[in-house]
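Engineer: What follows is the residue order along each chain.
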Amino acid sequence: MDTSRSYLEPSSFSKKMAAAIIIVYAVITLIPISWMVMTSFKNVDSAISYPPEVLFEPSLEGYVNLFTNRSRQSQEYLDSLPPPENWYEELVRSREMVITGPSKFLGRYSNSMIIGFGSTFASVFLGALAAYAFSRFRVPLKDDLLFFILSTRMFPPIAVAVPIFIMYRKLGLGDTHLGMIILYTVVNLSLAVWLLKGFMDEIPKEYEEAAMIDGYSRLQAFFKVVLPQAMTGIAATAIFCMIFSWNEYAFAVLLTQFNAQTAPPFIPTIIGEGGLDWPAIGAGTTLFLLPVMIFTIILRKHLLRGITFGAVRK
Amino acid sequence: MAKVELKKLFKTYNKKIKALEDINLTIEDGQFFVLLGPSGAGKTTTLRCIAGLEKIDSGDVLFNDENITHDQPASRDVSFVFQQYSLYPHYTVYENLAFPLRSPMRKLPDEEIKNKVEKIAEMLKITNKLKNKATELSGGEMQRVAIGRALVREPNIYLMDEPLSSLDAKLRETLRVELKNIQLNLNATILYVTHDQAEATTLADKIGVLKEGKIVQIGTPEEIYENPNSIYVSQRLGSPKINILPGSLFKLDNNIPKIGLRPENIELGDGPYEGKIISIENLGSETVVAINFQDNEILASIQGSYKSSINEKINFDINTNKVLKFDNGDQRIHER
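Residue numbers (the working numbering), protein chains in the order written: chain D, 1 to 314; chain U, 1 to 336.
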């Protein structure tokens, strides 16, 4: 019998089992995503072919279609044009079409960026201030207030869609970036306050006290000492807020049409000839996935707990 | 450095728990003042009230005769060494030490900060750790940095809350000596909180003994040791602890309810009293012998080692001049 390992360490069999389960889980969750990425590199025909093609000739048609508006032209007209200037024009002409201009995708995408990051920043910033106050000060009716804040998440946000729709129309906030940032911030704020309060509670108050004695005001101590140590919590909260506001669909459909429309309601409306343009939709969703993925990877190292803990003896 | 005075300080927590009651004390400029008392006596609360971290119910805090009772902690210009290390973990050792000097209250030029930090690092022997993250230090190093962060500037008063209690015995001794030297060199005003009597006696110019939020005696270490005004105070200093015995035990004076007898004032081997040895504890330079005398346990300490065995009979004598007499309320009876 192998006696060299500690009793606390899992056996090699359970380690292998754990690895196997994780791999199976990863494969299951990654199939739809990889299928989506594959679709984005197919052409229109192979995207809908049956049986589905796993091996195919990659094409950038989906991405070209995503970023351009095109119109079908007769062969005679195409022949009369000067030779195509670049690869994507050539690609479009091989489908007997010409590019008539850029599509709305880039605009919708940057709307998503502005609203997503804007509301994430606002939620985390306001959430951190509120969480700090709840964590450190004797707030009258503290528990009731915290419960009230949490209660705003006890119904699905869309349940209040109609009042918000009417309110936004009266206030002129409909279809504006500011309106969407405010809306997503309101929805995310309760989560941010509760998550961050937990993290703030864990930061010993000795740090701020030390900073205040060292000649800083409470607000300065908050920014210099508390916030850097709450980075773990801030990163986690920011990711949750970002994912919500980035993916939000229902309010975006309801409240935005032109000016502030985000990518989620836009992508499914990419309609090709005689059916949905699946490669373009695949391309749109693939690109849509990237910011959240990159954002999470950047903040990942802050999610590893324990890097800032240990300098205060408990 | 400043003279610090507390006048009629009262403090309660949550409007119920009395933390401090009528604290009056004066710490002279350049004095090393030690507050001694068991946990819960109000030592830390006193420090926090001086620092401005706690609002006091009533009373005044004066720095150099100036009333600063309602000033913010930052503007009081005091420095504080916490019982916990409380280094800023996201900073390096250098940044930790420079932190108070970079505050909006001071904003010293970088060159001056560098000089001061390097000087203090040298004094505390942490120069080679300046670039380390605060989390990459051993416990002793962390506490030295915490002390350094307090010493890097010259505030009105240094407040130290059991700064050495978390360290191992050897380091504690080294730092204790260093701290005293630093205080003498800087002529610093220090208010130091401890429940360790060795720290109190070696460091203090003056000791204040706290009991349940009240100051029960203030005096030099010698006065507190030789001349305590109550049983409580007499038990604060001295190791092994003072023997508190019925007053009638040695037939000194039948009107005295209780007497206090320090272990070193008992002579073993000869004398009118006969007891039985309960235990012998050899501590190297001294030996503590516990004696059963008429059903009272008496500790005696003698120089060097002691050759005898448990349950043996032993004769002893006491130094009657050194006997402390107490009344029924445990207060000292002073001879006229």
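Think of the hints as simulated: they come from the structure by calculation, not from any bench.
Mixed in with the good hints, there may be bad ones.
Below are the SDA-like pairs computed for lysine to any residue, each with C-alpha atoms no more than 20 Å apart in a straight line [stated by the list, open to error]:
| id | chain 1 | residue 1 | chain 2 | residue 2 |
| --- | --- | --- | --- | --- |
| 1 | U | K18 | U | F293 |
| 2 | D | K224 | U | T26 |
| 3 | D | K224 | U | D110 |
| 4 | D | K205 | U | Q83 |
| 5 | D | K205 | U | F293 |
| 6 | D | K224 | U | K107 |
| 7 | D | K301 | U | K133 |
| 8 | U | K125 | U | K55 |
| 9 | D | K205 | U | K107 |
| 10 | U | K16 | D | K104 |
| 11 | U | K55 | D | K104 |
| 12 | U | K133 | D | A20 |
| 13 | U | K55 | D | P140 |
| 14 | U | K16 | D | R138 |
| 15 | U | K18 | U | S75 |
| 16 | U | K15 | D | P140 |
| 17 | U | K16 | U | S39 |
| 18 | D | K104 | D | K224 |
| 19 | D | K224 | U | R102 |
| 20 | U | K241 | U | D253 |
| 21 | U | K15 | D | K104 |
| 22 | U | K325 | U | F293 |
| 23 | D | K170 | D | L146 |
| 24 | U | K55 | D | V139 |
| 25 | U | K211 | U | T92 |
In this text the structure is predicted, and so the values were computed from the model without any measurement.
Engineer: Of the numbered hints stated previously, which ones are contradicted by the structure, given in increasing order?
Structural biologist: 1, 2, 5, 8, 9, 10, 11, 12, 15, 18, 20, 21, 23 and 25
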